[in-house]
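Line order of the protein sequences matches chains A, B and C. The first sequence begins at 0 in numbering that gives the first Met the number 0 and counts up one residue at a time. The second sequence begins at 0 in numbering that gives the first Met the number 0 and counts up one residue at a time. The third sequence begins at 0 in numbering that gives the first Met the number 0 and counts up one residue at a time.
Think of the hints as simulated: they come from the structure by calculation, not from any bench. Note that the structure is predicted; figures quoted are calculated from it, not measured. We put the beta carbon where it would ideally sit given N, CA and C, even for glycine. Where hints are given, some of them may not hold.
[Unchecked claim] One-sided and incomplete, this derived list gives chain B residues near chain C with beta-carbon spacing under 10 Å: (1) Q176; (2) R329; (3) I331; (4) G335; (5) I348; (6) F368.
[Said to hold, decoys possible] What the simulated footprint calls covered on chain A by chain C, stretch by stretch (three residues with Cβ under 8 Å from a Cβ of chain C suffice, anywhere in the stretch; the number is not a length): (7) 242-249; (8) 266-279.
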Amino acid sequence: MTTATATTSPTVKATISKYLPWAIALAVMFAILFAMSWDSRQTEAVGAATVRAAAPLLLGALCGLIGERSGIINIGIEGQILLSAYCGFMVSSLSADASLPTVISLILGVVGGVAASALVGFFMAWCAVSLKMDQIIAGTVVNIFALGFTSYAYVQGRTQPRYPNWTVPGLSELPFVGDVLFNHGPLTYLAFFCVVGVHIALFRTTWGLRTRAIGEHPGAADTVGVDVARMRYKNMIIAGAMAGLAGMLLIQSASAFSRNMSNGKGFIALAVMLFGRYRPLGVLGAALLLGFFTALQSQLQFNQAFDIPPQFFGMIPFLLTIAVLAVAGLAARPPAAAGSPYEKE
Amino acid sequence: MADQQLLLDARGLTKRFPGVLANDSVDLQLAPGEILGLLGENGAGKSTLVKMLFGIYKPDEGEIFMKGSKAEIDEPGDAIELGMGMVHQHFQLVGPLSVAENIVMGAEPKRGMFFDLTKGEEQVAELSQRFGLAVDPKAIVEDLPVGLQQRVEILKALYRGAEILILDEPTAVLTPQETDELLQVMRDLAATGVGIIFITHKLREILAVTDRVTVLRDGKWVGTESTEGATQESLAELMVGRSVVLRIDKDDASVGEPVLSVHDLRVRDDRGHELVRGASFEVRSGEILGVAGVEGNGQRELVEALTGIRPANQGKVTIGTQDVTKASPRTIAEIGVAHIPEDREKDGIVGVYSVADNMVLNQYFKAPFAKGGQRQFAAIAENAERLVEQYDVATPSIKTPGKSLSGGNKQKVIVARELSIENKLVIASQPTRGVDVGSIEFIHKQLVAERDRGAAVLLVSAELDEIFSLADRIIVMYEGEVVADMPAEDATREQLGLLMAGATD
Amino acid sequence: MIERLRASALLPFLAVILGLIVGALLILVAGKNPWVAYSAMVEGAFFGGNAFGRTLEKATPLIMGGLAVAVAFKAGLFNIGGQGQLLLGAAFAAWAGFTFDLPMIVHIPVALIVGGLVAALIGAIVGGLKAYRGTHEVITTIMLNFVLGNFTDWLASRDGPWNDPEGGALARTPLIADSAQIPRVGGLPTGFLVAVGLAVLCWWLIERSTFGFEIKTAGLNKNAATYAGIGVNKILILTMAISAFLAGVGGAIETQGVTNRFEPGFNTGLGFDGITIALLARTNPLAVVPAALLFGAMDAGSSLMQSQARIAPEIIAVIQAAILFFIAAPTVVQYITRARNVSSEDDGVRLSAGWGG
């Protein structure tokens with residue numbers, strides 16, 4: 000900023016990488032239409048599974064996005080998801096034991112899970128803001144703790160009530176789209192509302208303006224009276240709540256907790272965030288893409304359509320992430336202040 | 000009781016840092032519509048003083064009155080509330096955000112629960128028209144040239160209703176024209192009743208625009224004078240505390256063969272802009288070639304290309320008889336090129352390394368400092384002891400981490416490291432920036448000694464005074480091109496100023 | 000010297016104590032007796048039968064994982080992928096073990112080096128992506144953990160090329176040749192000595208060699224390193240390769256000294272243990288050995304703790320997370336213990352600086 004440079008024209012590479020996720024998403028859509036004309040039931044199954052698989056990634060990525068936009072790198076999403084799944088499950092299970100109505104125990108579970116993850120968000124903000132700890136290490140602490148604690152405290156054999164499926168009247172009758180989009184658990188819908196909500200909040204509210212500022216140049220925000228530390232705390236708690244919902248989505252689909260059930264989703268969510276270029280709508284595209292691969296993998300495995308070992312399908316999202324970052328990584332500029340504590344003068 | 004006519008009346012402000020008395024009972028008054036110059040050398044305590052006024056530092060002693068009543072300023076927010084605005088030396092702007100977003104942030108117009116950007120843009124447009132500070136509210140800040148970014152900073156303060164504007168070294172990064180424009184903006188603002196505190200160490204600017212000037216030296220208030228009747232010499236004497244010798248004594252150059260030849264060199268920066276555009280020149284043994292120019296005209300990229308750090312796009316660089324256009328930094332250094340980098344904190348010193356390790360950074364891999372891939376600590380220590388003595392580095396020990404030395408001593412460590420070996424070519428970039436007067440003199444003498452020994456010296460400096468006192472020959476860089484090449488004795492300050500500003504002939 | 004040692008060992012010591020206290024609190028909450036639990040852990044780690052041998056055995060891959068992280072740290076790199084690199088090393092050492100037929104004196108080192116080099120190749124790729132594409136190594140190594148986990152899984156699976164024909168449905172490789180097995184001497188695993196030897200080598204490399212000086216300079220100040228003529232990109236690639244090599248050799252020692260074949264999924268979580276151990280050792284390669292021994296002892300003692308005190312062994316991970324937290328937050332330790340000067344200012348580990356490189 001101190002050197003005089005003329006206006007930058009965006010390079011071709013930046014343009015490509017900006018629209019890459021969208022181009023891919025579009026290509027996927029055409030692929031779906033093509034597949035539909037071939038075997039509509041399987042395509043519907045894959046479509047619905049894509050949405051289901053994308054939802055937790057979406058929320059995990061939003062957690063990372065809010066944190067990083069505010070200047071805090073969060074690699075503890077994995078731990079937050081796992082911990083909230085455990086806590087939410089336990090709350091639901093215990094409240095069902097206490098013969099509370101199913102709806103109440105499910106709601107309590109969601110509240111419990113979200114609160115647990117929000118608390119972890121607060122902890123990470125404390126580490127990053129007040130203790131000025133290295134943020135990668137803080138995230139690692141969360142991951143080790145979550146895996147250790149949930150495995151330590153988990154007792155097999157517990158159950159909890161199932162989540163209902165909500166079909167949207169009318170819309171769910173539509174061909175293809177109905178089953179793919181409008182026949183899901185309540186939290187899945189919530190996940191997609193969150194994307195829209197975060198997008199509007201980030202780009203249309205003062206909260207969003209200030210959030211973007213403290214992640215880029217906290218000093219500038221500070222000099223106009225924005226309380227950087229307070230805002231980072233607040234945002235990490237909100238972000239934690241998002242990851243908490245992601246954890247509850249896992250419970251929604253499995254109806255029970257199991258050891259290490261997050262199984263890397265928090266890390267894939269990080270990749271989704273990077274792939275989505277720190278933008279909620281970009282994250283939506285990236286999550287759907289990776290969700291699609293996950294869905295396709297299980298469908299092909301189920302059909303035994305190809306003789307490809309399942310392990311290779313398991314690698315796809317991770318290899319894809321590395322490839323995308325290696326190709327487009329430089330163009331996706333992270334918030335400038337992400338990773339470093341703000342030192343007030 | 001304090002004078003109600005004064006916008007600002009600070010009395011006896013004192014600030015201590017561990018081991019340093021940064022401000023010792025400093026007084027400062029500012030009236031509405033007045034431009035007050037705050038003059039002092041680097042490290043004289045100007046920044047500390049305004050940071051206390053603005054609530055960034057808390058004074059250990061002293062009081063601040065605003066419009067006659069005592070002001071409690073605990074943080075910048077309080078200062079802004081009280082009608083103060085500050086344009087920091089390093090802009091406090093969020094690059095990827097728009098001009099309007101930057102200006103209204105913290106006091107955003109709203110529509111319902113949403114941020115009303117359209118209204119913000121209107122307000123900014125209105126404001127920029129009222130004060131004659133033209134800037135596009137929708138432009139993205141990081142795409143703007145420095146001069147315009149500075150305008151955004153000023154508008155930011157005015158948007159918050161600032162009556163007092165503090166400008167911290169605002170001209171350091173500007174071209175001469177931009178500087179002139181800024182001085183005009185300051186006059187216009189003052190005419191509307193805004194009081195301005197203008198920090199600089201450039202005497203000409205003080206004389207051009209201020210009404211009064213307060214001078215600091217070593218953290219102490221040395222005087223406040225009316226600018227009318229002051230001269231550069233009188234101000235310089237107040238600032239430095241003795242009459243300043245502008246030229247150091249040196250013998251005539253005994254110029255020999257060309258050591259460095261640069262032919263049609265073109266270099267791009269990280270963003271792909273061509274910042275050096277066909278530069279050609281020579282430096283011969285036994286002469287100091289001064290490269291004058293406003294910062295950002297390609298000097299940094301030129302030096303980086305010459306030292307092998309940045310690839311050249313086109314052209315040819317020869318040192319002695321060897322083509323080094325594509326050579327690595329190591330190869331170039333081994334030919335016998337010393338390099339004093341522009342940004343010593345970033346490029347010259349490894350902060351946590353000891354003085355001893357920093358002094359072998361360019362030779363750690365060679366005998367006697369290494370044998371068979373193993374470092375030889377006895378030789379490294381001996382070298383450091385010798386250089387600390389010889390170059391008069393003030394350090395508690397050779398084991399002291401580099402980062403705890405003062406700016407001048409860090410620079411001496413670098414100078415010692417680079418000049419302790421006999422080199423053909425010395426490339427010195429802004430060698431005395433932010434360095435105390437004593438060290439400046441020492442470093443200048445070292446450079447002249449190198450020249451007298453027969454080395455070729457390339458001196459890049461944004462300070463014309465430095466160029467004039469050292470160089471035997473001067474080239475001027477403007478927008479990546481060498482626009483003039485002349486013997487130092489033929490050059491005048493006015494002529495160079497015009498060339499640096501891009502005036503043709 | 001004594002003073003310096005005291006100062007630098009104080010924080011890790013206090014962090015371990017505080018971590019154990021956190022664990023004790025959790026045990027108390029579960030209505031059990033921490034004293035009984037910890038006594039059982041100590042007994043299981045050091046006394047009776049082959050307890051100490053098992054501690055050394057557990058500590059061995061931990062030393063390697065810790066060294067991998069510590070060496071990378073010196074170049075400012077965060078290798079969070081010890082897990083994947085270790086699995087890769089273990090699998091390829093197994094392959095070299097059951098494929099070749101060589102005299103023991105050659106076979107053991109060959110298998111170790113094969114395991115290490117394959118992992119090093121992955122490390123070099125990670126370093127190259129960082130150097131030339133700006134892809135952050137934390138992301139690539141995390142992602143590669145999953146890729147390599149799946150890959151090695153497949154190698155040993157029923158569809159895989161290295162499946163044990165006698166194993167039925169089991170996913171595992173054949174036993175390695177006797178000549179590739181690292182022998183035990185008097186019940187003590189020799190692999191441990193290999194790890195200690197490598198720790199000493201790493202120490203020499205970092206603290207005494209000019210190459211180590213280049214690594215540290217690149218890690219501390221990339222610009223100054225470039226100005227000093229150090230090829231920073233080359234250093235990033237080499238250091239990451241060395242780091243992954245160490246993790247890979249850790250896996251190879253596990254295969255050749257303990258399991259004698261490769262079975263997918265062993266030693267999960269080792270990559271994260273390596274981070275904690277490296278930080279506990281304050282990234283000093285020599286101090287990695289005692290830090291790894293401590294973690295190895297906890298690991299080895301946890302099964303006796305489970306059978307005697309009915310505490311799930313996963314409590315160890317919670318304790319380790321707490322230790323990592325306290326190590327990284329000296330101000331908290333200082334506040335709780337009222338100890339003075341638990342850390343000097345250059346101890347602050349600072350790695351995260353955006354993903355953009």
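Against the structure, the hints:
The interface hint given for Q176(B) is violated, since its Cβ lies 32 Å from the closest Cβ of chain C, which is over the 10 Å cut-off. The beta carbon of R329(B) is positioned within 10 Å of a beta carbon in chain C (closest approach about 3 Å), and the interface hint is therefore held. Because the beta carbon of I331(B) sits about 8 Å from the nearest beta carbon in chain C, less than 10 Å, this interface hint is met. With its C-beta approaching chain C no nearer than about 13 Å, G335(B) sits outside the 10 Å limit, and its interface hint is violated.
Against a cut-off of 10 Å between C-beta atoms, the interface hint on I348(B) holds, since the closest Cβ of chain C lies about 6 Å away. This hint holds: F368(B) has a C-beta 8 Å from the nearest C-beta of chain C, less than the 10 Å allowed. Requiring three or more residues with a Cβ within less than 8 Å of a Cβ of chain C, the coverage given for the stretch 242-249 of chain A is violated, as only 0 such residues are present. Here the stretch 266-279 of chain A counts 4 residues with a CB under 8 Å from a CB of chain C, which clears the bar of 3, and the coverage holds.
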